[in-house]
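Dock the two chains into a complex; use the hints.
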Amino acid sequence: MTRHTDDDGDAGESNEATESSDGGYERPTPGVPEPGRDEQPSVFVPDEGEVAETDATAGDRAATDGGVESASAGADSTELDPDAYDPVDVFPGGDLDLREGADSCYKCTSCDTSCPVAEVDDEFPGPKFQGPEQWRLKRKDDHDIDESITSCSNCMRCDDACPSGVPLSQMHNEARGQFVERQMEKLSVEYIRNRVLANYRTSASLASMFPRTASFAMNFGPARWAMEKVMGIPKERDFPEFATETFREWWKARGGAQVENPDKRVAYFHGCYSNYNTPEVGKALVSVYEHFGYEVMVPPQKCSGTPMFANGMLKDARRHAETNVENLVEAIADGADVIASCTSCSLSLRQEYPELFDLHGIDDVAEHTFEALEYLRIHEDLEEALDEAGGLDDERAFAYHAPCHARNQGLSRQAVETFRDVDGVKMEDVGDSCSGISGTYGWKEEKYEKSMEIGAEMFEHMEDAEGEVGMTECPTCAMQMEHGTGYEIEHPLQLLEDALGA
Amino acid sequence: MAINSDVLVIGGGLAAITAAVSAAREGADVRLVSHKSSTLRQASGLIDALGYVPATEPAKPLRDGPPTAGRNLDRDEWPDPEGPLADPFEGIDRLPESHPYRVVGSDALREGLDLFDDLAGDAYRGGHTDRNALVPTFGGAVKPTARYPAAAEAGLASDDRPMLVVGFRSLTEYDARAFAGRLEAAGVPFDAAGAEVEFAEAFRADAKITRLAKALDHDEEIDGVPAREALAKAVAPHLHDVVDEAGGVDRVERVGFPAFLGDDRGEEVREELADRLGADVFEIPMGPPSLPGLRLEDRLFDALDAEGVRFETGNPVVGVESATGGRVETVAVDRKGRTAPYGADAFVLATGGLVGKGLDSDREGVREPVLDLHVDQPDDRYEWFVDDAFGDQPYARFGVRPDERCRPTDAEGTVQYENVFAAGGVVGGADAAREKSASGVSLATGLAAGRQAATEANQ
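Each protein sequence line maps, in turn, to chains A and B.
Residues in the first sequence are numbered from 1 upward in steps of one, following the UniProt record's numbering.
Residues in the second sequence are numbered from 1 upward in steps of one, following the UniProt record's numbering.
Excised from the complex, chain B in its bound form (with noise of 0.2 angstroms):
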């Protein structure tokens, strides 16, 4: 006999958490599956909503002919993109009449990020305004985000307190004094210095930033000082290195450091480095795997305990099992070689993107592999792109495309299942790297689909 629930929630991240606690608040019975761990934790742990409008539109019109593909003919230009935006739902109208946003709506976008300030709880901050924060990222980039972790609060770019940066050298995919330059090559209105400081080197030249969080955490003895103490101590000579207009400041008044922060204590960390330095201290949201994001992966498991989801990891839906009058009634989970059904009323289908695994590709097409809904797409795969790498990449759009209601259409437009509902990455019509719109897609359509599901079911 199958699995049962009202709800079947296929995937694992902000779409999937989203609206799995989105049915459930409807009253559903919701269970939730995944493959692997969840992909939070190769996520920054910022909450984008809108950064950048791009355009759609090549500057001068393209070529006709064949596509170039990365020969040196006469390339294909593209503007910049328009931002970053102020007001991300200011811009939701200038995106293409496709775009997920346009699809279910900017209400959408505006509950969902309620419900996240629902879940983040006091770890999140930026809920108090519809504006976008400009947070600092590990390359040196300013990211314009909707939310972010109360630990970047101290970090943000429209704050013009004089800004220290510490690195260190077994961080290798990051250099804090790179990290300063760029930060002030694109003019932000402080002052900022990084300093490369000795206190990584008590651990392997590779340690792990989960074996850096968990000596900060319980405070490890290194060569006989506590860990919060000899970082501080390491510290604590570069607080002058700020060199402003006046050829120095007194003081810098805080002080970034890659995200290792502590996990289950950061908050007591940072306070207590605050305290000894006498800055605010703050972490610089770092590439995966990324503590922040393993953070938010924990906080929001614990709030689909505490809405009564049941939830579980590690094996993979492949396909549909059985489907009849156009609806599908069971899908196939793989459990080590041997399927089991999993029966529900209706499914919300949010496996991610191509990068997440929700869409496959090779060389004859994209597809989506799970329940094989149809993905928008050229025939001629020459024209899955264009030259320029920042222009409108056709790719980039590429995903299931949804009807008012999140479901899945053909080709013809026509409704695939009536009781499937696609949210997050799989979604087609967003270009999340360029507009900065990931987690909002995410958040607007994981919250439509679930409560669609959730009516479906209910019926």
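For reference, chain A alone in the conformation it holds in the complex (with noise of 0.2 angstroms):
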């Protein structure tokens, strides 16, 4: 996957466009600035085996001693050639080219400013040196990736905070992936800690199949401390419940879809967690669909890849993508929209999907994909609805906390305004702090205490809250938030199908 020019000497010919091995993506005309962020053409991770192209010309290339090819072609004369001159590709190879990326980057640090980890871990240099920084460092052949990448939660607040457009979580995710594929030790503790934290679902449909044993063992004093000293998995956490029937189990106990309407189609992508630990965030969903006259699919599917793209683990992550996509692709091409309950999930297929990989039908599954409260706020008279419904019999407070990658999809505020007008609804929003779990990165022994320093924030603000339930839209946080405060956690669509009488 390495972009190269092809030297022949011919300082007018290097200039033309070449066309990469993955066949798609053409080298841009000098001075013209590459698509930005949006338009960025994706790349896919090599296949297990697969060996990546490596530029066998480039020893041969003219080049000045910081690597930088020669403007003068490598020619005699001291004159500089404009047309050798081609300020895009001054550093060869690499996989995604983000250079337009690092150039936006103006170092006001909004980023350093809005990183968590930051906040609290003196070892952490902050998203704008593993970001534009890193990127500029990495596009020479012997340079290591700081094992800090490592320590980035990749909760991608700093994408968010970013005034100049910078794709700072992409840069991660290519760094990250790239540390664990070339620098990491693949039989350490951590490499197979992470590889099995990453690969969640794996370990919960083993799990499930007797998950009340599971759920035991997995939290058994004695087990956990051992897990502890040899995996490196903190003891303070408890492992989650497995559901004794999975979402799926349910669905096809049921008789699948009770509603059939070819003009309102919906995919549901329950990610593992609804689908092995909260089948009844999955069943709210379902129910509240049904109400609004949804037929409901439940197309197969394997994990989003949040974890893996959080551990560097682009070739699992790639491998379920594919599955992913596939089966999406066939349900939009059935008229459906595709839905999420969590909101890592949600973003994951819209915004990484597209930005690490280069798989048929990619960007039509990230266009149509939405978070499911999104999805009905924009379809639906939502507020007319529960007006009508009438609200809850019984008063019932939340204390709301907005994942951070429901705010990457700026939907920090949905819930709270959701059910800010009903009736027997009060819902405080705990403010904008990280829960501090990001996923996995909590559950790593070395991590749990800045994990844990990152959500006192959250956990003080809940503590204040008038309400003793806890709400949000991502699993993890709400792991985190449980584990913090002692609350039980609800999703919001369990309160939609509550209000709704769904």
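The set of hints was computed from the structure by calculation and includes no laboratory data.
Take these hints with a grain of salt, some might be off.
[What the hints assert, rightly or not] Below 20 angstroms or equal to it, Euclidean Cα-Cα: the simulated DMTMM-like pairs (lysine to aspartate or glutamate) are:
1) K426/A <-> D305/B
2) K336/B <-> D363/A
3) K283/A <-> E245/A
4) K426/A <-> D302/B
5) K107/A <-> D206/B
6) K336/B <-> D337/A
[As the list claims (entries may be wrong)] Facing chain B, according to a computed beta carbon distance under 7 angstroms, are these residues of chain A, among others:
7) C108
8) T109
9) S110
10) D112
11) T113
12) E119
13) G126
14) A161
15) P163
16) E367
17) I378
18) G410
Here a beta-carbon is modelled for each residue, glycine too, at the ideal position from N, C-alpha and C.
Below, the structure written as structure tokens:
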């Protein structure tokens, strides 16, 4: 996947676009900026065993001692040949050309200010370094990726903070992937632990074969002590309970969709957590959507990839993405839009997929994906429906936390706004701090304390809030909220189901 | 179907928030949509109104012929701006007629400041008088400003108590000794000294200001000593550093720090330091990203919530989706590649100026990218600027041109959309950087545009 300049000694020709081996990406014309983030051509991670193309000709290039190709194209003349000077391609190599993104950074450090890890971790240099600065450094072949990239929790707040549209999380994902692929010891406990955490779906599907035993065994004291010692999984954390009937088992037992409607179809991407741990969220989604007359489809699916991106396991993520994209494209062809109840799943399908992978139909999937409540707010008159339903019989108060990945989709206020005028519901936004768990981040022994420090502000605000029940869209934020306060945590779809009497 | 409200405010800065609250207080159902985290976190946290009246005519007539574009011909020369002004209201009449203050009237500025005082509460000072305060900023300049954070109060330049300014090696953009030197050179009525102390060395060399603020907020232990105590201990040996005419002061009475003294618990941090040092403690407003800006952002977004304004951040408004009869009906909001329509009876455009990206430019021209409104500009781009960097730069006044109801007009002066109102940096006519008027323009036009939008929506 290395892009390079074919140097045949003819300076004039070397500027013509050459097609790289993935068959779709053309080198830009010199002087013309490359497409920005939103039009960034996607790339894929090589399959297992496939050798990434190397830049065989790079050594022959006339280069200055900075590794920068000479603007005189190696000719003796001291005159600069403007045709040989290619400002876009001074750094050969690398998979994603994020040069324009790196150039857009004017070092205002808004990203650093928004970073919850930099606020507590003295070892972490912050997103500005991890993103544009490291991106430049790693243009050079002999430059290792700094290990601190593994301390990025992948909350992606920096994306939302950047006033200049620098694709920070995309840079982090790529760097992390390269670090894990090229520099991380594959037999290390850390790698194995991270791989297990990233592949939660695999463990969860095994555990849910014997859900009661698994829930007990995983939280059994001596077993947890051993897990911390051997695997680096903090003993303070309680493993989530596994449901005795998964969402998909329930869906099959009920005979699938109860509403047929070729004009209003949605394909539900339930993700791993709603399937194995909280099927009540999936059930609430089905009953709410059927209430509004939607035909719900539940296509075959695997992990959205979020925990894999966060751990640099891009190959795993791509394998799962292939299944997801294939099945969701089929659903879209049947007239469905894709909805997800987990905000990390929807963000992954919308943003990370097209940024990192080049799969047939991946842009269609991204374009047709919505968060479940967001979709209803766009397509239905939720306010009126809630008004007509008349609210709850008994008053209930909630402490709502907006997950970072909801924030990144512009959805941080939607739950509070949806329920603001519903009788019997009192919902308080506990502020814009990060919960600190960031998926698998808080599940690592060496990160546990940092994770709780980041979360401290949210715990405090939750306790100040009137409600004794927490609410959030994100399953791991929910774990952290429960862990820090002891509150029971609900998903907005469950409240919506109650409020609509669906 | 569209996501509807009475008034839709596009933008997330001071003007947008002012417009949203003003419209909500007129009884409108208001929604605010902003693309990114609020630009308030880039702002100093100072609220200026009008500090200077810059000259609009050069000292001698501009020479004929094409502009010199930086080549060494006879450069044009401009007189220094008039100021600093003691009273911002007094200078408004001398601004050009197309200035936003002249368009919306000085009452809008007064009411805008009143609204700000109401929203900011006890976190801000300066509301007791019309007069400007002189606040030292991190470059050592003294800025005339209408309102300032309570945390900056003990640092006012009109106060004659001797001042110690503390700096840290890791904060490279800020040099305490140079700061103190520049203050004295500016002729302030007090003696000042700067000292670089060892405190931030306990953190990584490029520690973020949020890291330092968090450590002070939580009083984290640094090498076994609580952070606030450690900071006070580092500063204590310098309390006698100031040299006056008599050869030395007994003790400074106020100590200035870069603005990182806590986030949520700033007041508590300042009080503890003041107690330990036996001197008043104040913060010096810093460049971006700025904690005073972040604190103001938090406070104003809480206020939006309390006023019942709906707001969302993260997705940009990308254009008009439908318009009929000279009115915008819906605008398109980009949600990760797919647009959703947002409808309203009235719209407020408060997307900022060239820096805030409410205006876009290339070699061909300057555009307003969201609603494609007219931006007044010379056809020849060599007329966008004058040679003297501190002269009356035409580009500084670029922006949409509003009528007296804040509705942007086209080149002929005709209103472009009956129900679109503009506020803040996207409005042209002010040279905010030279006038020190950016916040005041946002407050005055935000208030006027918000009220007009609510009136339009109520009809």
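Hint check:
no.: 1; hint: K426/A <-> D305/B; in the structure: holds (14 angstroms)
no.: 2; hint: K336/B <-> D363/A; in the structure: holds (11 angstroms)
no.: 3; hint: K283/A <-> E245/A; in the structure: holds (12 angstroms)
no.: 4; hint: K426/A <-> D302/B; in the structure: holds (17 angstroms)
no.: 5; hint: K107/A <-> D206/B; in the structure: holds (13 angstroms)
no.: 6; hint: K336/B <-> D337/A; in the structure: holds (14 angstroms)
no.: 7; hint: C108; in the structure: holds (5 angstroms)
no.: 8; hint: T109; in the structure: holds (6 angstroms)
no.: 9; hint: S110; in the structure: holds (5 angstroms)
no.: 10; hint: D112; in the structure: holds (5 angstroms)
no.: 11; hint: T113; in the structure: holds (4 angstroms)
no.: 12; hint: E119; in the structure: holds (5 angstroms)
no.: 13; hint: G126; in the structure: holds (6 angstroms)
no.: 14; hint: A161; in the structure: holds (5 angstroms)
no.: 15; hint: P163; in the structure: holds (6 angstroms)
no.: 16; hint: E367; in the structure: holds (5 angstroms)
no.: 17; hint: I378; in the structure: holds (5 angstroms)
no.: 18; hint: G410; in the structure: holds (3 angstroms)
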